[in-house]
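S.K.: Chains as they are written, first to last, in the working numbering: chain A, 2 to 291; chain B, 8 to 407.
It is worth saying that the hints were derived from the structure and are not from the lab. Predicted, not measured: the structure shown is a model, and the values here were computed from it. Beta carbons are placed, not taken as given, at the ideal position from N, Cα and C, and that holds for glycine. Take these hints with a grain of salt, some might be off.
[What the hints assert, rightly or not] Covered stretches of chain B (chain A as the covering partner; in silico rule of three or more C-beta atoms under 8 Å from a C-beta of chain A):
1. 46 to 60
2. 98 to 106
3. 126 to 140
4. 230 to 239
5. 277 to 290
Each chain, letter by letter, is given below.
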Amino acid sequence: MEALLQHLVNGLVLGGIYALLGIGLTLIFGLMNVVNFAHGEFYTLGAYATFAALALGGVPFLVALGAAIAGGVLAGALTERVLLRPLRGESIDTVMLVMIGLWIAMQNGELLAWGGVAKSIPHPFPTAPLVLGPLSVAPLRLFVLGAALALIAGAHLLIQRTRLGRAMRATFQDPDTAALMGVRIHHVRTATFALGSGLAAAAGALLGPIFLVYPSMGDLASLKAFSVVILGGLGNIWGATLGGVILGVAEELGAGYVSSGYRDAVGFVIIILVLLFRPSGLFARAERIG
Amino acid sequence: MAKPQLSRITAVLDVLAVLAAAVLAAVALPGPAHAQAPVKVGVIQPLSGPVAASGNYVRMGAEIARDWINGRGGVLGRKIDLVIEDNKSDPKEAASAAEKLIVRDRVPAIMGAWGSSMTLAAMPKLEEYGVPMVVETSSAASITRRGNPWVFRISPPSEMEALGLEKYLDRIGIKKADFLAVNTDWGRGATSAFGEILKKKGVGVGVTEFMDQAATDMSAQLTKIKGTGADTLFLTTSVEQITLVLKQAQEQRLHRRIITTGGSSSPNQLIKQAGAAAEGTYHILFFMPWFPEAMPDGKLARAFVDEWSRRGHPFEGLTEGFRGHDGVATIAEAIRIAGKDEPKAIRDALWKVSITGVNGPIKFEKDGPPGKESGQSRPSIFVVQIRGGKVALPDFLARK
Numbered sequence: 002m003e004a005l006l007q008h009l010v011n012g013l014v015l016g017g018i019y020a021l022l023g024i025g026l027t028l029i030f031g032l033m034n035v036v037n038f039a040h041g042e043f044y045t046l047g048a049y050a051t052f053a054a055l056a057l058g059g060v061p062f063l064v065a066l067g068a069a070i071a072g073g074v075l076a077g078a079l080t081e082r083v084l085l086r087p088l089r090g091e092s093i094d095t096v097m098l099v100m101i102g103l104w105i106a107m108q109n110g111e112l113l114a115w116g117g118v119a120k121s122i123p124h125p126f127p128t129a130p131l132v133l134g135p136l137s138v139a140p141l142r143l144f145v146l147g148a149a150l151a152l153i154a155g156a157h158l159l160i161q162r163t164r165l166g167r168a169m170r171a172t173f174q175d176p177d178t179a180a181l182m183g184v185r186i187h188h189v190r191t192a193t194f195a196l197g198s199g200l201a202a203a204a205g206a207l208l209g210p211i212f213l214v215y216p217s218m219g220d221l222a223s224l225k226a227f228s229v230v231i232l233g234g235l236g237n238i239w240g241a242t243l244g245g246v247i248l249g250v251a252e253e254l255g256a257g258y259v260s261s262g263y264r265d266a267v268g269f270v271i272i273i274l275v276l277l278f279r280p281s282g283l284f285a286r287a288e289r290i291g
Numbered sequence: 008m009a010k011p012q013l014s015r016i017t018a019v020l021d022v023l024a025v026l027a028a029a030v031l032a033a034v035a036l037p038g039p040a041h042a043q044a045p046v047k048v049g050v051i052q053p054l055s056g057p058v059a060a061s062g063n064y065v066r067m068g069a070e071i072a073r074d075w076i077n078g079r080g081g082v083l084g085r086k087i088d089l090v091i092e093d094n095k096s097d098p099k100e101a102a103s104a105a106e107k108l109i110v111r112d113r114v115p116a117i118m119g120a121w122g123s124s125m126t127l128a129a130m131p132k133l134e135e136y137g138v139p140m141v142v143e144t145s146s147a148a149s150i151t152r153r154g155n156p157w158v159f160r161i162s163p164p165s166e167m168e169a170l171g172l173e174k175y176l177d178r179i180g181i182k183k184a185d186f187l188a189v190n191t192d193w194g195r196g197a198t199s200a201f202g203e204i205l206k207k208k209g210v211g212v213g214v215t216e217f218m219d220q221a222a223t224d225m226s227a228q229l230t231k232i233k234g235t236g237a238d239t240l241f242l243t244t245s246v247e248q249i250t251l252v253l254k255q256a257q258e259q260r261l262h263r264r265i266i267t268t269g270g271s272s273s274p275n276q277l278i279k280q281a282g283a284a285a286e287g288t289y290h291i292l293f294f295m296p297w298f299p300e301a302m303p304d305g306k307l308a309r310a311f312v313d314e315w316s317r318r319g320h321p322f323e324g325l326t327e328g329f330r331g332h333d334g335v336a337t338i339a340e341a342i343r344i345a346g347k348d349e350p351k352a353i354r355d356a357l358w359k360v361s362i363t364g365v366n367g368p369i370k371f372e373k374d375g376p377p378g379k380e381s382g383q384s385r386p387s388i389f390v391v392q393i394r395g396g397k398v399a400l401p402d403f404l405a406r407k
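Whenever a hint applies, use it, and build me the whole structure from the sequences.
M.R.: Here is the structure:
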């Protein structure tokens with residue numbers, strides 16, 4: 002019982018990060034229809050930006066997190082403007098190939114800039130765990146979970162409650178009509194990609210101090226992000242949030258009670274089941290547009 | 008709409024294929040042989056990916072050996088040239104790196120490939136082309152048991168390591184132990200080798216848990232291990248994952264005696280990156296750069312430590328870097344004995360090598376099925392402990 006509670010706590014923390022990754026990708030993949038293989042690289046970018054700001058720039062921890070998110074937003078905007086905008090109207094395959102190219106270029110760029118040896122990001126939280134009965138959790142992990150939830154809520158508010166969010170939803174439902182209504186759809190696309198990339202960078206910046214930072218860390222993150230998006234349904238923000246938590250908890254319980262060697266397989270078995278029985282995702286509405 | 012797309016992609020692929028063929032043809036042309044051309048030695052290491060730290064340290068050690076040998080006039084009057092390939096911590100890449108080194112660079116001997124799975128993946132290429140490889144790190148028993156007569160290992164297999172620990176078991180006082188290992192040939196081999204020694208000694212074995220090489224969150228495994236009530240955890244993986252496991256064990260209040268196996272724990276890196284979480288942990292190592300004079304060849308060990316720091320390499324890399332030195336020194340000696348840089352002659356000469364490396368004496372004994380034996384050296388094995396943020400001899404030795 003104690004172990005079960007501990008597994009659930011662990012899974013929840015992990016799930017929060019998966020959700021953050023998934024929301025970023027579901028905006029890009031689900032709404033913009035861009036199969037973004039480079040999503041994990043923005044995650045890596047966020048982690049390295051945090052490392053650079055903290056270890057080399059010497060700024061406070063929260064400032065470094067902010068800088069990493071800003072870096073991700075800027076890099077995302079640049080990517081959309083330079084690579085994706087000229088490809089408007091091209092088939093999804095062409096865009097996919099370009100994103101694979103970006104993925105390889107970014108990963109090798111990181112390898113060139115930082116070397117292959119993993120870096121550890123210093124953080125100001127005490128390393129002694131908080132103990133609650135049989136449960137223990139590191140303060141850093143609680144902070145990460147809190148920050149992830151805040152970012153998720155922020156993204157949700159941005160999309161549902163602001164003019165920009167309304168413009169985004171309109172653009173991806175019907176770009177032509179939105180343009181006729183005066184929405185500057187080029188800008189909306191740039192903003193959406195920047196937001197998605199910024200969330201990925203935030204996930205990297207938050208997970209960096211818990212784990213280690215190295216150039217190929219984004220590969221696993223990409224895989225998890227795609228899993229979460231498929232679980233939750235394309236373009237569905239709440240689906241991605243719940244999908245992330247489900248994946249995190251399922252992996253944790255699978256590793257704890259089935260076999261730790263198959264930890265990552267547990268997530269993919271769930272995805273196969275979802276694809277078999279609910280092909281458009283666990284939380285897809287009956288009718289989906291866009 | 009789809010058709011022109013497809014034809015454009017195939018057109019691009021066509022162009023790429025023609026280009027690739029042209030490049031291949033250009034490099035496959037045999038160059039003129041120079042008498043004074045350097046002797047090439049291939050090196051396959053994980054220079055990127057999840058275990059990159061170790062691979063880079065081994066490369067640095069190999070470069071020191073190369074420069075020392077070249078400084079003394081090289082071998083056969085020729086300089087040694089290292090051709091270094093990155094296997095990206097991936098067995099598939101290790102196999103293609105071996106093929107590239109043999110076919111394109113025409114190296115007569117290789118050192119590699121750090122991880123057991125990577126070495127095992129590269130081994131069929133050695134047999135296919137007939138090129139010897141000195142294995143500097145891998146510990147899976149199967150490497151020298153597969154009947155591949157081109158393999159010469161200077162690192163200890165897990166069984167040898169376990170036997171090295173056996174004599175201390177009573178003093179350490181283990182009652183029940185769990186295992187946590189990377190899910191590779193190395194990790195699986197180590198859990199069974201150490202498990203057998205423990206069972207033989209009447210020590211209880213709790214759970215054996217595995218983790219993917221790239222996994223970063225081990226809390227599920229640790230929660231499970233916490234439930235067994237054992238007193239010791241044997242940990243077999245790279246320094247990157249050891250760092251994460253120690254930090255996460257601290258988060259979960261897993262109070263265990265932790266012993267790392269495989270010699271790739273780089274204790275100073277653990278002190279730096281895991282801090283207090285590394286306190287009290289034991290590490291099986293094959294080089295003690297803190298006490299170079301205690302090594303079999305104290306002068307060589309001291310010189311290696313000094314040269315390493317003169318080059319500005321991180322101290323924590325020394326426990327891994329010496330492998331690169333010893334591997335290249337072994338190959339250079341074999342080339343000297345062979346009298347020519349020809350793969351088969353080097354293979355035959357490897358059986359006659361008898362040198363002292365940074366680890367200690369290197370001399371190959373036969374291992375594996377009769378008639379197709381691989382070479383296995385008997386390396387020195389040491390145990391150290393992290394105490395008070397420093398590396399020290401283990402307390403069970405100090406308190407006797």
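S.K.: It remains to establish, for every hint, whether it holds in the given structure.
M.R.: Structure-based check of all given hints:
Coverage of the stretch 46 to 60 of chain B by chain A holds in this model, with 7 residues showing a Cβ closer than 8 Å to a Cβ of that chain against a need of three. With 0 residues carrying a beta carbon less than 8 Å from a beta carbon of chain A, the stretch 98 to 106 of chain B misses the three-residue requirement, and the given coverage is violated. Look at the stretch 126 to 140 of chain B against chain A: 0 of its residues bring a Cβ nearer than 8 Å to a Cβ of that chain, fewer than three, so the hint is violated. Under a criterion of three residues with beta carbons nearer than 8 Å to beta carbons of chain A, the stated coverage of the stretch 230 to 239 of chain B is upheld, 4 such residues being counted.
Coverage of the stretch 277 to 290 of chain B by chain A holds in this model, with 5 residues showing a Cβ closer than 8 Å to a Cβ of that chain against a need of three.
Hint check: violations occur at hints 2 and 3; the rest are consistent with the structure.
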